[in-house]
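Assemble the dimeric complex from its two separately framed chains, guided by the hints.
Sequence order for the protein chains is A and B. One point on numbering: in numbering that gives the first Met the number 0, the residue at position 243 of the first sequence is 242, and numbering is uninterrupted. One point on numbering: in numbering that gives the first Met the number 0, the residue at position 331 of the second sequence is 330, and numbering is uninterrupted.
Honestly, the hints are just simulated from the structure, not real lab data. Do not rely on the hints blindly, as some may be mistaken.
[As the list claims (entries may be wrong)] Under 8 Å between C-beta atoms, here's a sample of chain A residues computed to sit facing chain B:
# : residue
1 : V265
2 : V278
3 : L281
4 : V286
[Stated by the list, open to error] Taking lysine-lysine and the DSS-like style, the derived pairs with C-alpha atoms no more than 30 Å apart in a straight line are:
#  : chain 1 : residue 1 : chain 2 : residue 2
5  : A       : K287      : B       : K18
6  : A       : K287      : B       : K19
7  : B       : K46       : A       : K287
8  : B       : K18       : B       : K115
9  : B       : K547      : B       : K520
10 : A       : K180      : A       : K193
11 : A       : K193      : A       : K113
12 : A       : K251      : A       : K113
13 : B       : K429      : B       : K547
Glycine residues also receive a C-beta, built at the ideal position from the N, C-alpha and C atoms.
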Amino acid sequence: MDTMKAKDDLATTAGMAWCPGCGNFGILDAFKAAVRLLEERGVPRERLVMAAGIGQHGKIFDYTALSGFYSLHGRAIATAQGIKLANPDLAVITFVGDGDTMGEGIEHLIFAAKRNSDITVVVHDNGVYALTTGQRAPTSARGYRGPSTPHGNVEDPLNPLVLALEAGATFVARGYSARKKELADLMVEGVLHKGFSFIDVLQPCVTFNNTYATYERLAEPLGGEPRTFEEALTLARRQDRLPLGVFYRGDKPSHEESLLAGLNPVAAHPSRDERAARVAGLIAGSVKQP
Amino acid sequence: MSRDVFTFLVGGKAGEGVKKAGSTAAGHLALMGRHVFQMDDYQSLIKGGHNFSVVSSSVRAVTSHYMRADLVVALDALSYDLHHEHLADGGVVVYNSDQVSDGPGVGLPMTSEAAKYPSAELRVGVAGAAALAAALGLDRGAMQTLIAREYARDVENNIAYAGAIYDAAVPALGGRFRLEGGGAVMPIVSGNEAIGLGAAAAGLDAYFAYPMTPSSSLLHFLAAHDRDLGIAVVHAESEIAVANMAIGAAFAGARSMVGTSGGGFALMVEALSLAGMTEAPILCLLGQRSGPSTGVPTYTEQGDLGFALNPGHGEFPTIVASPGSVEEAFRLSAELLALVWCCQAVGILLSEKHLTESSMTVRLDPTQAAWAEPVGHPGGAYARYAETPDGVSPLAFPPSREVIKWNSYEHDAAGITTEHAGDIARMHDKRLRKTETIRRAVERLTAVNQYGDKGPVIFTYGSTTMSVLEAIHAGGIEATVVQPVYLRPFPDWALYEHRGSSPVVVEQSAGGQFARLLAEKGDIRAKTVIRRYDGRPFDPDELAAEIKSALK
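Excised from the complex, chain B in its bound form (with noise of 0.2 Å):
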């Protein structure tokens, strides 16, 4: 181990068990009170193909996988192929010898032991967890405890297997990798599963999402909790029925939430407009995928950065926002929901799948989440769309003896449609103001990150954020990260001293959304931008050459 992160990596076919020997690892290091960062990379298709699972894990906080791995296992030959290389400094790579007959690495027989179990070809992840509690010093009595919570279901069967490709892996492996420990044991979140809290945490009442990658991990942890927390989850007929239900769910008073990728979101904003007019509060997760179109579903971009910053026809108050964590998923997500409900907007959570579906060991505190509030009635003669000096009309719920009017016409203040020329300017300008009152609303907020305060700075934001504080980390460069939370409002108040300013800046753009961006509202015109759009996230060693090299 050349450096302060161990790293695992174990790839197979899909359905072999590959991101479940992940999380294994990723969770008895969290245990021995270790840092996690789990990524899975993997294939649209559910058996074949390649998939594979990284967890780097430090006694700091990791805020991104590494490519060049302690220990990679591959399960089957086109892992070891491609992976074989990718190894740290004093790394191992232990391999199928039923597939792979020679070459470098430690070989073990993974699929031939298996193979004396039903089920064979599904058991084959356990050899990656009984290696690496090899490799990592566990006796027998450790490995089989980690085998049985781990792989409880036919645990006996499970336990056999994984004794056999652990003794066989011992005599080459053996305490190979002897990590410290000892801190805290902290839980390991997604970052679809910290929004799901977050917004839980900020009192959401129901959510309603037709799946699509990289949110659909959000649909089934909130569906899988809705009688713990009390909500309903909804899967509609499609993400246009999705975001119209939300709507009318807020109508009635429910904190609503909706998620989905690129192309459920072309189809809510319709419905984004009419939120937008009726002056309903809404909260959408846009889980970015590689695109245009069906794009490549499993991989991650920050492409839609400019769809999510214009999501509709008219104009109409929108809060963008995209975490650079999956802490910051959390607070964000409670945060934007309360957001929503304080101005009666459209807020837009926007992530990448390399956060919504990649793991970390975090710590989350749901007391000191936002809590989202309806600016209430306070009595007298009902409108819906009264007159305001911050442009929010106080909200009535049905049943109520008053008259309450929700209407996507343009309309007057009691909801009626309208085509009067006073009205509508009026009611515009009702609109608009609370593009104002969102702004003071933000200005309260932590709208932009600073990571250090010296050397040159570097621009960025969403999940690429953590993979630029890794790799300054990794190359032990000098830099200060800054990292706008909020997208619109564009937070040009936290960033004043940077305005003239040529920074680097690094996205998961193809165009360069975000460097674009900075520069119509922030007068912050990129010296250099370092762009990613391969799918997979950056690399942090890749990451600190190229960061090196824009900073000479």
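Isolated chain A, as found in the complex (with noise of 0.2 Å):
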């Protein structure tokens, strides 16, 4: 992969604070790539903007030169939807946590999803708390030891594809952090996709979940993409291998298309002369006509 050796201009100033072998290198890396392949495709970095949320995952705002907006923990795809609703002409492309969009800030996911936002969403899926010492995340598996669950987690994991299917997501698809070109493509293929893109990337915590050799033996790419939804759903649930690619692409119309009916917030913003005199217009409206 040429792109990868470029000189690399999207780095910063910011010192690293992954640990080494971490997951999140290989998202790192895939998302550089795919910032310089969509310039290929159309979408000057210019126009591409990130959000992220708080946790390990996080980083990745600091790491890399591209504007955009470092959220709170859970909220970011909170975030991305404002950003795209006030100029829907912005690529937004969210990095989120497994914990942090499925925990705290589920309720944005599901939302988000449910009214196909045109914006993209990478869950740095680690299983687990990192930044905050291991604790058990929404997608730990039951009997996991953690700081705050040292008899074994007692719940069962969500899962993030079937979640993201159910809730209307309209690109859905699974990654893994150490198959970065194949990820690239994915979050290209994902900030591309008009409507709700999630991408679920299994991404080892080397610290406290090395998921590695379980990630080695059962990921593995997609024989062909499901034709339907309902064979989407079900390769999603399978437990005894972990497939990776696209599952899942529908075609509808985005939430910002939908309520926006071409309006650009920003773009359309008014003159102080012709917004007064609308406002005018809507005083005369309240005058009693006989």
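As structure tokens, this is what we get:
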């Protein structure tokens, strides 16, 4: 992949604070490759905006020289939708943690999928709260032992793909941080897809939840894309294998298209006189006519 | 009519068209060239219960409803029981003779006449308008014009029903109240409408909200007019989403606003702190209702002042202001949107159900409204959080060749996360400098209103200002009314002469939060705090008596 070897003009001054071998490196590399591929596909980086939640995943914000918003824990998807609604010409990609978006911020994930907001969400799915020292996450297996569950996790994990599919996402995919080229391609496709794109990324946490061996054994490219929503759902529910690739593509109007009906609020910002005239019209409308 | 105000009160069950009857009266009186004030008292239910609408009107500006009405129309028995004794001198009560068998007043067959038409229950409110038309001495043609204008759906049946009620009413009521008019016909605007219009006049691009009384009507108003104005109006999944979306929209350059009430505001405060840290310009309407908790959703209170003054964790500049009239709500909404953009701060427009959902005749001039403008990036290398003397860093918006990073973590000038001791202190200093910048900006505005300059001083604020001004008029009280419009920054520069004074304070909170603020920030220690906290706005006559007693 030549684009990955180019001079890294997406680097920043921030010091690296991920553990050596962390799956986040693969996601960062894949994203930088995706930014360059997107430029070839007609999305200049000026138009690409990133958002991130809070957790180990969020550091990708500091490590990428791209405009964006480092949001609150769980709220990045809400922030991203606000950006997209204000200026639908921007491409918005949002990095979230599994705990970040399926714990504290799950309402935003479900509603963004439900309304088919035209943003891309990349889940750094490591099955653990790594930044806060290894507590169980919404995606942790039953029995997982962490500092908050010393006797083992007594809850079953959420299935991110099934959640996204059922909530109405129109692009649903799974990637693996160790397969950077494929992951970069998924990010490109997600950003280019019109509607809500959801990419769950299997991401080993070398310190608290090292899943490399499991993923090397179970993760494999999809033989072919499922042809129907039901097939996608069935495949997403499989526990014995972890297929990688695009599970589902749907075609329906995006939230911004439907709600704004062509308006770009920022681009259409009126002059003071234009707006005053429109407001005066509404005031005149509240005068009773005989 | 014993004074210069005519008051019409109509009461009935939810679903009977009580509010519509009130707004019909208000519209007619405004068309006569009179000033009106309409207060709707309704419960948190859709059917049944007891609702009433009070419209007070005069040839002078009137800033409150009066609970003692000249004409009471009781659409049901409960309304008769609750209101028939609350008559002004010379007042008359009209009741539904199908539900109330006898008693003082004029009985009209409202239910049995309505039963002749479809949707009988929904039509009963028309009787209120018909009775008013008779009492004001409208001839039959004028009455029909009124009904046709206000009740256009199924208009023929409405006119027929109104005609029957009118005919029954004329012998006892006809021309009982001959009102003068002749002034200019003014628009009737609610507080929430004025807030929406003001923000729009200042350049609003996007409004985000989750329904919550008494701010929902702002969401409804802006949603109904989103295409007229060219703005985005978004009903999101929660107040948390609302506030975070609005901040994201501000990052993209949209003049954004949110609206809620106490419980929703509680959900927003995490994001308001985020706005403080990222220096996102954001305006929030906090329309107060009776609390704490779910409280009494459709009633009024000023119990959230302390919360509004301290809206989130950490230290960040915040602007809080509260309008004392519908006209001021329009001006202040625009002014706050402009202020939050010039200072990149959180702005809270603090109001109450009594203002947001009451309507009055107003004069609004959108060409005089403030206009929100970002502090633009002049060119050269860009850093989102660049150091400046006033603490306000220039803004650039994507798409841009510059890298624009807004960060909820403490950050360096470029917006990259930092834990460096020097950076942390420098960024705190930079944000706190904006407190002084905001203060200087507010010093140039009308931060305090003073009404009158004789007699003892009464301090009040927010919608209670309207009640106090009307009470003073009603009671013939000579007093000076002082209303701080801005509450943070506290306008001590404009209240200097009151330091050490002991005025009467009037507010709608149980704990006297406003009086406490005056003492803490202004060294103004109330000798008496007149408080009302039963969810109901003050009645001018009752409040006049309380003020007189406090001034003794």
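Identify every previously stated hint that the structure contradicts and give their numbers, smallest first.
13
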